[in-house]
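Novice: Spelled out from the first residue to the last, the chains are:
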Amino acid sequence: MKRRQLLVAAIGLAAAPLAMAQSFSGKTVTIIVGYKPGGGYDATARLLARHLTKHLPGNPTVIVQNMPGANSVIAANHVYNVAKPDGLTIGTFNRNLPIAQLTGVSGVKYDITKFAWIGSAANESTILAIRTDLPYKNFEELRKAKEPVVIGSTGPGANTHDFPLLLKDLVGLNFKIVSGYSSSADIMLAVERKEVDGRAGSFTSLLPFIERGLVRPIVRARTSEPGIEKLPVDESFAPNPRAKAIMALRSAPEQVARPYVMPPKTPADIVKVMREAFAKTIDDPELVAEGKKTKMDLEFTPGDQAQKILVEVMHQPKDIVQEFAKYIKFGE
Amino acid sequence: MLEASWEGLLLVLQWKPFAFMLVGIVVGFWVGLLPGIGGATTLALMLPFIYTMQPVEAFAFLLGMHSVVATTGDITSILFGVPGEATTAAIILDGHAMAKRGEAGRALGAALTASLIGALIGAAALALAIPVVRPLVLTFGSPELFMLAIVGLAFIASLSAQGARGMLRGFLAGGLGMMLAMVGQDPQAGVGRFTLDTLYLWQGLDLVPVLVGLFAIPEIIDLAVRGTSIAGDAPVGRISHGALQGMKDVFRHISLTIRCALIGTFVGITPGLGGAVAQWMAYGHATQSARNPEERKGFGAGDVRGVIGPGAACNSKEGGALIPTIAFGVPGSTSMAILLGGFFLLGLVPGPDMLTKHLSLTYSLVWTIVLANIIAVAVCVLLLNRLAGLTSVPGHRLIPVILVLVFIGSFTSNSHYADILVTLLFGAVGYFMVTAGWPRAPLVLGLVLGKIAENYLYISVARYEAAWLSRPVVMVLLAIAVSVVCYPVYQAWRARRRGTRA
Amino acid sequence: MHNKASLGLALAIAALSGWAIFSALEWPWKAKLFPMVIGIPLLCLALAEVLWVVFGSSAGAKAADFKLTQDQPPEVVRRRTLVATAWIGGFFVAIMLLGFPIAVPLLVVAYLRFEGKESWLLSGAFALMVWGAFYGLFERLLHLPFPPGWLLEWLGLA
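Chains as they are written, first to last, in this note's numbering: chain A, 1 to 332; chain B, 1 to 502; chain C, 1 to 158.
The shape of chain A in the complex, shown without the other chains:
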């Protein structure tokens, strides 16, 4: 009896990789990006697409399709409701979509925690940097600034806006936030023009300007990256636990900075294969080399971890969410 069971189990185990190995060959895997071509999410997806094939059993073709609209809510809705859970559709979209769901944005037709999570392909850290020729060299000096420091932003919902906004409203820094710039590059131009004194944004996007000596980083959000570990964290200046919770909530999605998901109810074994493929792809030396050229630093956070972080986000107490919504709106 036992022997036969063991035999059946052994055959089952042996057959399983075969079944999985056949699951992708000859097929096409589509990565749906919630943005137009050319942006960061799109570039990451295309980089992954180029190298994912060799790490998926059966070596399927991997293509990228763009489905822009509503800051990628449309793409998320599509992957959640319309795409088939057969492992052939992957979605990647705005990392702030949990915030959209949390603050009750109308039109949201997904539950971020119920996607079949592959993981996050990168972490992101937001920092605030101000022009080097200003007399404020660190956070304490900035705090004591008598004149308002002008910070340029693109609009509510973007980290260029939200990060300094919380520093202003919760920590009390003397900022004047001027929003409406069409892109973060425009803000940098304004910095050069001395129209604004600084901006917040992802470390990767600010790095060339820091290296050039145009701006100096002052404070960062919770996620750390090599180069900015020594910067003070914004949450450490929070005057009370509620403010701290709000700041933490804002920066939580940054740990899942490049989310990759599959439709809910995708079979667990396919999700597992995909996670492994992603992990291997991100470690693939060719991808790393290509990424270095484009200054894309990919780092895999497996889906279960990502899901845990987001479940925590979604389960914040109501009063914190309400307070949060007063400051942060969903946008970019």
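If you are wondering where the hints come from, they were derived from the structure by calculation, not from laboratory data. Be aware that a few hints might be false.
[As the list claims (entries may be wrong)] In the BS3-like style, the derived pairs of lysine-lysine whose C-alpha atoms are separated by at most 30 Å in a straight line are:
hint : chain 1 : residue 1 : chain 2 : residue 2
1    : A       : K168      : A       : K326
2    : B       : K357      : A       : K295
3    : A       : K194      : A       : K230
4    : C       : K4        : A       : K244
5    : A       : K84       : A       : K295
6    : A       : K265      : A       : K84
7    : A       : K326      : A       : K109
8    : A       : K244      : A       : K272
9    : C       : K4        : B       : K297
10   : B       : K297      : A       : K292
11   : A       : K244      : A       : K318
12   : A       : K144      : A       : K272
13   : A       : K318      : A       : K109
14   : A       : K168      : C       : K30
15   : A       : K84       : A       : K280
16   : A       : K265      : A       : K54
17   : A       : K176      : A       : K194
18   : A       : K280      : A       : K265
19   : A       : K292      : A       : K54
20   : A       : K295      : B       : K297
21   : C       : K4        : A       : K146
22   : A       : K114      : A       : K84
23   : A       : K295      : B       : K16
24   : A       : K54       : A       : K318
25   : C       : K4        : A       : K176
26   : A       : K194      : A       : K137
27   : A       : K318      : C       : K4
28   : A       : K326      : C       : K4
29   : A       : K272      : A       : K146
30   : A       : K293      : B       : K248
31   : A       : K114      : A       : K27
32   : A       : K109      : A       : K292
33   : B       : K297      : A       : K293
34   : A       : K326      : A       : K244
35   : C       : K30       : A       : K194
36   : A       : K244      : A       : K137
37   : A       : K146      : A       : K326
38   : A       : K194      : B       : K297
Predicted model only: the values in this text are computed from it and were never measured.
Chain A is fixed; fit chains B and C onto it per the hints.
Specialist: Positioned in the frame of chain A, the structure of chains B and C alone reads:
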């Protein structure tokens, strides 16, 4: 500088970059010709293919492709009345009208020559500006950009028909355009404005479906009504022979050509105005060159100056747009934004380095633009007869193809069915505007500039409070805007006086 | 026709700007400033145009853009316009129901055959060419997504 310029030329003339440039030209040829494949989208799709190339080769390819798009986009606009690119819509007004009169060859000849001259001027501007680029771009802060948007909007007055009634309708169209520009999430308070509670309108109306609907659909209906070929009853032989005349036209109006090319370059240099504006400002300026109301009425019915202006501006804009892209990493247009991606891909950081350490590479870009445009125009000229001949194909054979292109064109910008609805809706709007005698150009201007004006106004006020009004460049631009608005009024007054005297 | 269209447009714009001003009232001032500043004059201009059309002389308008062709008698114009509109609308419906890959050749064949009175052979060949170019370029080369069409989805054929 001359040394770097020479080095740059030699870089491009090596066989590999040259070959890649040719490939880029071929790709760009079709991209511009077919509505629905935008230059920007294709650039983005091509990016991954270049990462193994050397910088010079890659840029020869990308720029070769990019420079040609505006030229061939003009062809689709002239022949079929369908904007081949968002940036080539203005040329439809007079270019397609000429095609309908059987003057397709002349229009094409004029457009191609004007494009070439425009591109050369844009490239020259880029080359000459390199030393002064940084201070130049830095003088244009948000208040100046706001004023520039106002100048652009002032052209609504020129684009309207003459007379008080004409102005009224022009401003109605312009105002409608500006209201439409406000659809979407506003960047000040994050409120979703006029979104009708749909996700689709959350980011605002996309320009391409609107343009395609507004201009192409009335033309298609008109073609169906006429029941003939595009060129109507014009004798077949005449159609393609006008090309030489078109080229001569450009030189006959050489100062207009140069002025419009400068407008285009200027718009290209100022980051933040977007690519679609240049052609309309150039068109508006071209209409100002009409010497009397009779001539003014001729615009829209097939005045070759209405082809020359936008044609030159479109291509010169690209050379201008390269300036802030290279010097600051701030893209002067959407396609430049993607080109920037190419820079990063190749490990080049735009900024002062491009103007010092990599100066010869920068000059190779200039030369690529020049050479690519020359080659593209040469090829188009060779194909001119065939192309112009399309206007004598019976209309009913063309209509399904044009319709397919129109629908694909509007769908593929965002992969949304709603975009096609927008096209149909604006098709109806365009049709009624044409029936009612309302000008459509102001609507486009309002749509394109509305949001820009609003954003920069807020930034200016937030940053400078009232002080920005007294900045020198701002005042100069205000004066220009006022004169642009008053010029048609002045023209009408002068014509009336001449009329009463005669 | 001319004046009626103008009247219609002006009324539409008046209604639209009225609605816009009304919706903007409840927004924070930063969001509503521009819509008000543009909307209120727009409403006035639109009403001015309405009054002008209703009370003014009909000699008012000169075309600023292009003129619709005047060569054909008005009934022919009207009929052909309606037919063309029907084809355009029909194509849209076909795309929604059947998806681009099927609607495109269908339109080409149908139009050439029924409007153009071409032979089945020519229509078919043309449609094949167009479909081939469309498929080759957009689907294979560029991988642009073309959803299959609602009817096909309902029937489970997608």
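Novice: None of the hints should be skipped; say for each whether it holds.
Specialist: Results for each hint:
1. A/K168 to A/K326: With Cα atoms ~14 Å apart, A/K168 and A/K326 stay inside 30 Å; holds.
2. B/K357 to A/K295: holds (20 Å)
3. A/K194 to A/K230: Holds: A/K194 and A/K230 sit about 27 Å apart, inside 30 Å.
4. C/K4 to A/K244: Outside the cut-off at roughly 63 Å; violated.
5. A/K84 to A/K295: Violated, at about 34 Å.
6. A/K265 to A/K84: Holds, at about 9 Å.
7. A/K326 to A/K109: holds (22 Å)
8. A/K244 to A/K272: violated (35 Å)
9. C/K4 to B/K297: holds (22 Å)
10. B/K297 to A/K292: violated (58 Å)
11. A/K244 to A/K318: holds (15 Å)
12. A/K144 to A/K272: violated (51 Å)
13. A/K318 to A/K109: holds (20 Å)
14. A/K168 to C/K30: Holds, because 19 Å separates the two Cα atoms, which is no more than 30 Å.
15. A/K84 to A/K280: holds (25 Å)
16. A/K265 to A/K54: holds (25 Å)
17. A/K176 to A/K194: Given pair A/K176, A/K194 holds - Cα atoms ~14 Å apart, limit 30 Å.
18. A/K280 to A/K265: This hinted pair holds, its Cα atoms lying about 24 Å apart.
19. A/K292 to A/K54: holds (20 Å)
20. A/K295 to B/K297: Since the Cα atoms of A/K295 and B/K297 sit roughly 55 Å apart, the hinted pair is violated (cutoff 30 Å).
21. C/K4 to A/K146: violated (63 Å)
22. A/K114 to A/K84: holds (15 Å)
23. A/K295 to B/K16: holds (27 Å)
24. A/K54 to A/K318: This hinted pair is violated, its Cα atoms lying about 45 Å apart.
25. C/K4 to A/K176: violated (52 Å)
26. A/K194 to A/K137: Holds, because 17 Å separates the two Cα atoms, which is no more than 30 Å.
27. A/K318 to C/K4: violated (56 Å)
28. A/K326 to C/K4: violated (49 Å)
29. A/K272 to A/K146: Given pair A/K272, A/K146 is violated - Cα atoms ~55 Å apart, limit 30 Å.
30. A/K293 to B/K248: violated (49 Å)
31. A/K114 to A/K27: Judged against 30 Å, a Cα distance of about 25 Å means the pair holds.
32. A/K109 to A/K292: violated (36 Å)
33. B/K297 to A/K293: violated (56 Å)
34. A/K326 to A/K244: Holds, because 15 Å separates the two Cα atoms, which is no more than 30 Å.
35. C/K30 to A/K194: Holds: C/K30 and A/K194 sit about 24 Å apart, inside 30 Å.
36. A/K244 to A/K137: Holds - the C-alpha atoms of A/K137 and A/K244 are around 24 Å apart, at most 30 Å.
37. A/K146 to A/K326: Satisfied, since the Cα-Cα distance of roughly 27 Å is no more than 30 Å.
38. A/K194 to B/K297: Given that 30 Å is the threshold and the Cα spacing comes to 47 Å, the pair is violated.
Comparing the model with each numbered hint stated earlier shows that hints 4, 5, 8, 10, 12, 20, 21, 24, 25, 27, 28, 29, 30, 32, 33 and 38 do not hold.
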